[in-house]
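2 protein chains.
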Amino acid sequence: MKRQNAPTMKDVAREAKVALGTVSKVINGIPVGEEYRVKVEAAIRKLNYEVNTYARGLKMQKSNTVTLIIPDAVNPFYASFAHYIESALYEAGHFMVLCCSGAILEKEIEYLNMASQNQSDGVIALTYNDIGGHVPESLPLVSFDRIYSNAFTPRVASDNFAGGVMAVEKLLECGCAHPAFITFNSPYPGEADKRKDGYLHACSAHNLEPVYLSTLSDANLVCQITDFIRHHRRADGSLAFDGIFVNTDYNAYITCNILREMGFRIPDDVQIIGFDGITKFGITKDLYVSSICQPIPELARTCVNMVLAKDKGLLPSLTLLPVSYRYGGTTRK
Amino acid sequence: MKRQNAPTMKDVAREAKVALGTVSKVINGIPVGEEYRVKVEAAIRKLNYEVNTYARGLKMQKSNTVTLIIPDAVNPFYASFAHYIESALYEAGHFMVLCCSGAILEKEIEYLNMASQNQSDGVIALTYNDIGGHVPESLPLVSFDRIYSNAFTPRVASDNFAGGVMAVEKLLECGCAHPAFITFNSPYPGEADKRKDGYLHACSAHNLEPVYLSTLSDANLVCQITDFIRHHRRADGSLAFDGIFVNTDYNAYITCNILREMGFRIPDDVQIIGFDGITKFGITKDLYVSSICQPIPELARTCVNMVLAKDKGLLPSLTLLPVSYRYGGTTRK
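Residue numbers (this note's numbering), protein chains in the order written: chain A, 1 to 333; chain B, 1 to 333.
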């Protein structure tokens, strides 16, 4: 982030030979090792780095803003989440500052500093980094899905475990005998990981042998899914499974395309259920695939209520909202 | 917008018996009739209404924020526009405040007031209201597409006229003999209206009889398109046109669905070209329909450069960026 030649936090980090996060902590009064604090303060003096003075003089005054951090606003799930967060904040008399972080920790930290220094009323974060350690306790933080090291951060998510169970039971109800599972997890732990737990639990409950692809990298997504399908193809060309629960609608859509290219009919040969409930154009009722839908407006409202709650001590550390199944053409019903 | 029992601008408007916009103008020092000013000031005193003091004391200090107003973040065009605006602002050292206005003037005015009072560095607006009169000259405003009464507002848009011409010529190149046009315009004038001008110009240049549906209301969208198609059906069941340029990808997608339900094959019987360049899930390369694509990242960057430009007097009042055709399965190539 350029600030017309003025030294930046990055310059301070380079000068002090410490990580950017350490500088951020010193500036925000979060405890760090004494030697680090001394180094950072020396670098700040040497470079004449100015902490954003816009807000420094306003310590007692709230800005009526809440910062939302999402990876991007192009993915329809994140975009829709941002939309409903803005609506709920506005209803409660607050404005939204939006950070599309690209999952870059440095950018997330810059927005957290801005929120802290401008006396923002709080931060709602959907990140792929552990930002817990970069938020002073005085700045209310609510996490969507992600588990932060910061023990006092309340978390909001869909009931992913129940969603995993629901997907398997729906596939069985639609006539499947052997439902498989495909997932590409984030390396950072979060509630979404429980989709797999739900799948495994339902398999066990119904005496089914679990068959799944579960990796931490979505590099070569198409190759990985293609290999998984080929690996489970029998000598007669048929598949060892007749239904697949896929961890997101996007991955389910890719899986459908691969299966169709291999000559399988959907839903006749293989039935597919995704997760999220993404609709075409965001404004039609048409789902891309049959899906376990997340209640995005309710999730957003819950995050906003929590970040603005007066007594943070009363907040549960985890709040799960119910998901629901919707038919989207890739199952029999 | 609720502010925990504190009187709002709306209360002031009710007390003074004037429109909300008038209160906003008085607060922001935009000239109004003397009698209105007196009424509003009396109401402010009577209700003890506090203009946002967060920023009132900071008149000389910029907040390093720019406000973006869009109708919503669910429509993928708006969401993507917001995404690239945020990126370009961040590159330039600014944070984005996002307003999803729902095309509600009152909400737009509240955000404009917040921007003005918090010493925001500017506003980028994609609205369906004429907000030109609600912005003090000191607050830089850049309009995407919409024409405001405010004469000093620079406007950024795609070259919609060239896009209209390009759509017709592409349909002819793909073998169409009679391209039709379908549009649902906003009642507020904007650059997008020129898609129709481009269509009409290309028809004239190629000696074609224009055939179009052009209305100001998108109520009963499906019925209106269905009636238009039926009206141009000949006794033998064939259509009077063999290609349609539709004003947005969303409307083109709806038109494709209607034609398929009526038994027409796309692109064999009718070829369709939309406008916008919306991709499925925002992250795939798959278009919903063949389309005249708007250059969203470049449009966003241009808006940001203009809103932050030092010498506003040097800005052109209108900047048009080139569009491009992309095949999306609903044309022969």
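Bear in mind the hints are in silico, worked out from the structure with no lab data behind them.
Predicted, not measured: the structure shown is a model, and the values here were computed from it.
Do not take every clue at face value.
Straight-line C-alpha distance at most 16 Å; calculated EDC-like pairs for lysine to aspartate or glutamate [stated by the list, open to error]:
#1 A:333 x A:261
#2 B:107 x A:91
#3 B:17 x B:34
#4 B:10 x A:197
#5 A:280 x B:34
#6 A:10 x B:91
#7 A:107 x B:286
#8 B:280 x A:286
Here is how each hint holds up against the structure:
Only pairs whose Cα atoms come within 16 Å are accepted, and residue 333 (chain A) paired with residue 261 (chain A) is rejected, the gap being roughly 23 Å. Annotation: proposed proximity of residue 107 (chain B) to residue 91 (chain A) holds, straight-line Cα distance about 10 Å (limit 16 Å). Between the alpha carbons of residue 17 (chain B) and residue 34 (chain B) the distance comes to roughly 15 Å, so the proposed pair stays at or under 16 Å and holds. Between residue 10 (chain B) and residue 197 (chain A) the alpha-carbon distance is near 51 Å, which puts this suggested pair outside the 16 Å criterion.
Between residue 280 (chain A) and residue 34 (chain B), the direct Cα distance comes to roughly 51 Å. Violation of the 16 Å bound is thereby established for this hinted pair. Between residue 10 (chain A) and residue 91 (chain B), the direct Cα distance comes to roughly 14 Å. Compliance with the 16 Å bound is thereby established for this hinted pair. At most 16 Å may separate the alpha-carbon atoms for a hinted pair to count; residue 107 (chain A) and residue 286 (chain B) exceed this at roughly 29 Å. Of the supplied pair hints, the one linking residue 280 (chain B) and residue 286 (chain A) holds, its CA atoms being roughly 12 Å apart against a limit of 16 Å.
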